[in-house]
Amino acid sequence: MAIRSFFVPFLLFALCFNSSLTPVLSLYEDQVGLMDWHQQYIGKVKQAVFSTQKTGRRRVIVSTEENVIASLDLRHGEIFWRHLLGSNDVIDGIDIGLGKYVITLSSGGSILRSWNLPDGQMVWESFLQGPKHSKSLLLVPTNLKIEKDNVIVVFSNGRLHAVSCIDGEVLWNKDFEAESFEVQQVIQPPGSDLIYVVGFAASSQFEMYQINARNGELLKHESETFSSGFFREVSLVSSETVAALDSTGSILLTISFQNGEISFQQTPISNLVEDSSGPAVIIPSSVPGIFAIKTNAITIFIRVIGKGKLEVVETTNHETAVSNALPISEGQQAFALVQHAGSEIHLAVKLAHDWDGNLLKESIKMDQQRGLVHKVFINNYIRTDRSHGFRVLIVMEDHSLLLLQQGAVVWSREDGLASIIDVTASELPVERDGVSVAKVEHNLFEWLKGHMLKLKGTLMLASPEDVAAIQSMRLKSSEKSKMTRDHNGFRKLLIVLTRAGKLFALHTGDGRIVWSHLLRSLHKSEACKSPIGLNMYQWQVPHHHALDENPSVLVISRCGPSSGAPGVLSFVDAYTGKELNSLSLVHAVVQVIPLPYTDSTEQRLHLLIDSDKHAHLYPKSSEALGIFKREFSNIYWYSVEELDGIIKGHALKCKCTGEVADEFCFDTRDLWSVVFPSESEKIIATVTRKSNEVVHTQAKVIADQDVMYKYISRNLLFVATVAPKGSGEIGSVTPEESWLVVYLIDTVTGRILHRVTHHGAQGPVHAVFSENWVVYHYFNLRAHRYEMSVIEIYDQSRADNKDVWKLVLGKHNLTSPISLFSRPEVITKSQSYFFTHSVKAIAVTSTAKGITSKQLLIGTIGDQVLALDKRFLDPRRSVNPTQAEKEEGIIPLTDSLPIIPQSYVTHALRVEGLRGILTVPAKLESTTLVFAHGVDLFFTQLAPSRTYDSLTEDFSYALLLLTIVALVAAIFVTWRLSERKELQDKWR
Amino acid sequence: MKSVKVIVSFVLTLSLFSFPSSGFQSDELLLDDEEFGLEGSPRPRSPEPILTRSPPVTAPTRKRHSDLDSDSKIQFSLEHAFGDSDFSPAGTFSARLKTWSHGGQTLTKLRFSRNSFTDEDKEKFKNLLKSDDFYRIRIPSNVLNPPGRDFVISSVKARCLPREGLDEHFVIHMEGINVLAVNYGSPGSCPYPRNLKLPAKWSFNSHTVLKNSEQAPRAPVFTEEILGGENAEGEVVPPPERSFWAKYWMYLIPLGLIVMNAVTQAMNMPEEQATGQGQPGAVQRGPSPAARRR
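Protein sequence lines correspond, in order, to chains A and B.
When the count follows the numbering used here, it moves up by one through the first sequence with no breaks and lands on 988 for the last residue.
When the count follows the numbering used here, it moves up by one through the second sequence with no breaks and lands on 1282 for the last residue.
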């Protein structure tokens, strides 16, 4: 009886156990940060302003090339607040007004905003219009007041504005109508009510306007002609003197406009420096009395003494950067000078009038991977001994931001990660003796303690401190940040290429930087003036027989902005970040085609197409050539000429027929072309399948035990075209004038497999192609809503293979090779749905074997990532699905796609400035890794069909063990009890 | 409510031109679908396309549009190339150009006449067959003022064409008077590996299809349901009542076990009373079931 009564609690217990195993749909609050990480960046700093008021002392305000304005903590470099302006709202200037407002000028000088310094709330916003486009300049004078109102002076769009600092009201404005007037500087001499506007007109005339700062009245207008013209920039030497260069860059001009009288002083550069050659450029700075010019690699600092007399104070051939002047006390201004010398940088802070004396001289060891110093911003503070202390903020070539103080780097921010161009994932090394980079195992006692804590948590016995300890333990889980490959494939390296030409390897476990490398080939050099990183490809992915090799990636870059510029290849070791090799090519790289073949060392063959339509094979080895020759006639590719509206298909022809014999160069030929009529269609989007996507099954069993065969071809291209009129912004055309045509094109034969027109629809189109379906997002002008459509394409030529007997007897055509030259028999199914959000990017989850159902990952306008089940985009949805269809999982048709708040994979976070979403399959079939990048980075693991193949991370093994032990003990106890009972019965 | 629009999924095989048969009433001036293709018949699911032979047969068209619509005859040429040779004329397409009252122009009644291969051509073609090379064709991208912006090119492995004679299949994708693309190939399959086979007779068996764009199915709009108000709301089916068992099984099973337990105990009780008369009250509970079972 005892055994039987024991059954009941056991059963109840088992039930509880089961229910605790059921996976959850979304994340619990305490699971945030377990598998995901989020990093915030700001981008390359353009301008930095230090707050001088007491409360704001610890802060620096920066504007960046990613259009971020942010307030950073000077002690730690953390972000207090941050605003991302739109991509077409470029920041022209920032400053601090009244000590408590951050003033920003953006959008080509047409929007002036004021933000509250402590919390970043916007205070006011003004729109400044003007007659013509011009340079925009922002000036916040410290003590210029109009009727107790502090004034901001803005020159933008050919108009000078005086704006109230309190409410953004325009107090007065003054047009500079002169057609060719180009403003260079707006100067407000301190302590006066005058504003000088200086600039060039007709490239050879210097113009000076003197304006009353109180009412905008023009007091004086002088102009002087200089016959040989001016060279763009001017440098402000004092409030009434500027330095400029003539148009040849060989004569220095100091222009003074004291009392409204313009006078030129010419000094040929050769008079100052003996061996100067080549045109000089002015380095923009604003140090009183001193300016800097640069000829070739030499930087020359020149002091202006008295009436246009110049004196060279220093010439240096080191890379140099100068800060603006910082007033430190009455009449004294300091500036910072940073020079490179080997692996160190020398920081010097000098007074403007005293070049030879240094207020501060420090040498700081600098990581070579940060490159050159691009910008310097100086700030002062009072030391404990009441003397002046200085700290400088420097912006490096890799876009990182560093604070230097007392000869050390106080903090650094890797803001290059805000501008990622391309991402690829790499496996970590297999765990072997001596391979593991980070030793993070801990002893048995700690392990036990951890599990006991977990057990307490599970049994709800934990005190709040214990809960906190458990949470921090989970977050710091050493397992996830190990440097070796794990069984589930969750740990990987994300290799990212940034716009600065730096490669970073991020660990997927906690997002830390494992290594970073500034590519030498992306460094400026004589041969390659302005290198641009383009793409990254997996060059070598060792597995099976080449496991001893490290994986490597191929980085493709180009010397210059035009597509005809010669390319540069660099090969980088994915484990160490070392640049293995780099090749400067003689030809351009227009297209890169990773071929599905690898050589014996697992190097992937790549075909590079140049601007003359020659194909070049890499790696240049005879083995690769041998493999390539075998597959020579099976290689096809396509090119999209978006401007001309032509898509062409190509194949290889023969060896290059150039004068230089190159056996790795091949001529190509055009096989097909699709010419879109230029008056009615314009290509706006082309999408193909991911080349490494795995499809589990070709057949799809539908409700009535029927089978449909997916048309799975790697050579399908989705193309979307819109009416040329409708390619502008949404709402710029009427529905009648706008249409969207989508195509599915076979890229081997050029066949149009599907073509459909959406009338009254407009771009932008975002699309994702996977397996046999494509989902695309566009705007429906008639319904005034965004819409998403799905097209699925099925193969009819295999549709007869339904008979089991046919399959058994082998009378089917499922194993016969498919030739795309056969006439395809396909059918398509499609359906459209409304969707609430506009979209920044779409991706789809990908898993190791392709068994797990798919989710669409939609980057919404709110910079979040939404996971939407593909079942919602199934063209077989109908209003009233039959019972059989319901069982199959078909959702009744609705007119719009649901947005379930719990299905945001970014939960409460935002990936500011979201640009791309990458999915990488883990080894565990149920799980996919998602990396979203923009200005911020976000990484998480997703299980679209829940983790059906593993226990969750926080599964308590201790509880399981305890249960088993308790059960065994209970069995023994009850057995003994029943024995005794039996004995008693017998003795009765 | 019942007028909920049902999107009729439609079938598209390459040789078959079909058009959406959705119930949506577009206010747009749509071109008459029937005039587009050669097949013309509104049978979207017909498994086999109607093939047009050379000289092709065009579907009879009815003159049913206003007199403003005017027709004119136009011609454009097909050119071919063997491998990488230059293009040379190979045939002529002729069609009627229909100008609609709203200004649009479309082609109808496409006919095709193929020039037969000269001996030289045959020789070249045989070479193509031997080297498994491409046979390429092109037509102008604008039929009114050829070649328009560019020629549209298509090519096929020459070994795909020979059967009895030379079978070819053109699909010409049109947009008004512009040719977007021409898809050229054999009308059937071209299995890989391609075997060398010379045609028995050197005459072309041409099939041509003109294709225009289809309209996409519209997103379903369930406005009626929303307007239906209370009625609609009233019809919202309450979640199906789950059976008693489905709801409470997790309580019922333990309960059942307890009851069973109790019943066995109760059954044991009289037994015990019967057997244990000698010592009443000595054992509170009945004997263990294990003992009884023995």
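Be careful, since some hints might not be right.
No farther apart than 30 Å at their CA atoms in a straight line, the calculated lysine-lysine pairs in the BS3-like style are these [claimed, not checked]:
(1) K375/A <-> K100/A
(2) K653/A <-> K1086/B
(3) K655/A <-> K1112/B
(4) K1110/B <-> K725/A
(5) K132/A <-> K174/A
(6) K1086/B <-> K655/A
(7) K655/A <-> K1110/B
(8) K725/A <-> K682/A
(9) K375/A <-> K480/A
(10) K613/A <-> K1112/B
(11) K1114/B <-> K613/A
(12) K1086/B <-> K629/A
(13) K710/A <-> K690/A
(14) K361/A <-> K46/A
(15) K682/A <-> K1118/B
Take a look, some chain B residues computed to stay more than 10 Å from chain A by CB distance [claimed, not checked]:
(16) Q1063
(17) K1097
(18) D1107
(19) S1143
Calculated from the structure, these hints are not laboratory results.
Quick caveat, the model's predicted, so the values are computed rather than measured.
Quick reminder that beta carbons are idealized off the backbone N, C-alpha and C, glycines included.
Verification of the supplied hints:
Proposed proximity of K375/A and K100/A is supported: the alpha carbons are some 25 Å apart, at most 30 Å. The suggested pairing of K653/A with K1086/B is violated, with an alpha-carbon distance near 42 Å, which exceeds 30 Å. A C-alpha spacing of about 22 Å is found between K655/A and K1112/B, which places the hinted pair at or below 30 Å, so the restraint holds. Restraint check for K1110/B and K725/A: not satisfied, since their Cα atoms lie roughly 48 Å apart, outside the 30 Å limit.
Pair hint K132/A plus K174/A holds up; C-alpha atoms about 13 Å apart against a cutoff of 30 Å. Taking the CA atoms of K1086/B and K655/A, the gap is near 48 Å; set against the 30 Å cutoff, the hint is violated. Only pairs whose Cα atoms come within 30 Å are accepted, and K655/A paired with K1110/B is accepted, the gap being roughly 27 Å. Taking the CA atoms of K725/A and K682/A, the gap is near 9 Å; set against the 30 Å cutoff, the hint holds.
Between K375/A and K480/A the CA atoms are separated by roughly 38 Å; this puts the pair beyond 30 Å, and the hint is violated. Restraint check for K613/A and K1112/B: the C-alpha separation of about 26 Å stays at or below 30 Å, so the hint holds. Under the criterion of a C-alpha separation no larger than 30 Å, the hint pairing K1114/B with K613/A is consistent with the structure, at around 29 Å. Our distance criterion of 30 Å between C-alpha atoms is broken by K1086/B and K629/A, whose separation comes to about 51 Å.
This hinted pair checks out: K710/A and K690/A have alpha carbons roughly 17 Å apart, not beyond 30 Å. Taking the CA atoms of K361/A and K46/A, the gap is about 25 Å. The hint holds against a cut of 30 Å. The straight-line distance between the Cα atoms of K682/A and K1118/B is roughly 41 Å, outside the 30 Å bound, and the hint therefore fails. With a cut of 10 Å on Cβ distances, Q1063/B stays outside the contact zone with chain A, its closest approach being about 20 Å.
No Cβ of chain A approaches the Cβ of K1097/B within 10 Å, the least distance being about 22 Å, so the stated non-interface status holds. Separation of D1107/B from chain A is adequate, the least Cβ-Cβ distance of about 26 Å exceeding the 10 Å criterion. The beta carbon of S1143/B sits about 5 Å from the closest Cβ of chain A, which is not more than 10 Å, so the claim that it is off the interface is violated.
Figure legend: structure checked against the earlier numbered hints; hints not met, in rising order: 2, 4, 6, 9, 12, 15, 19.
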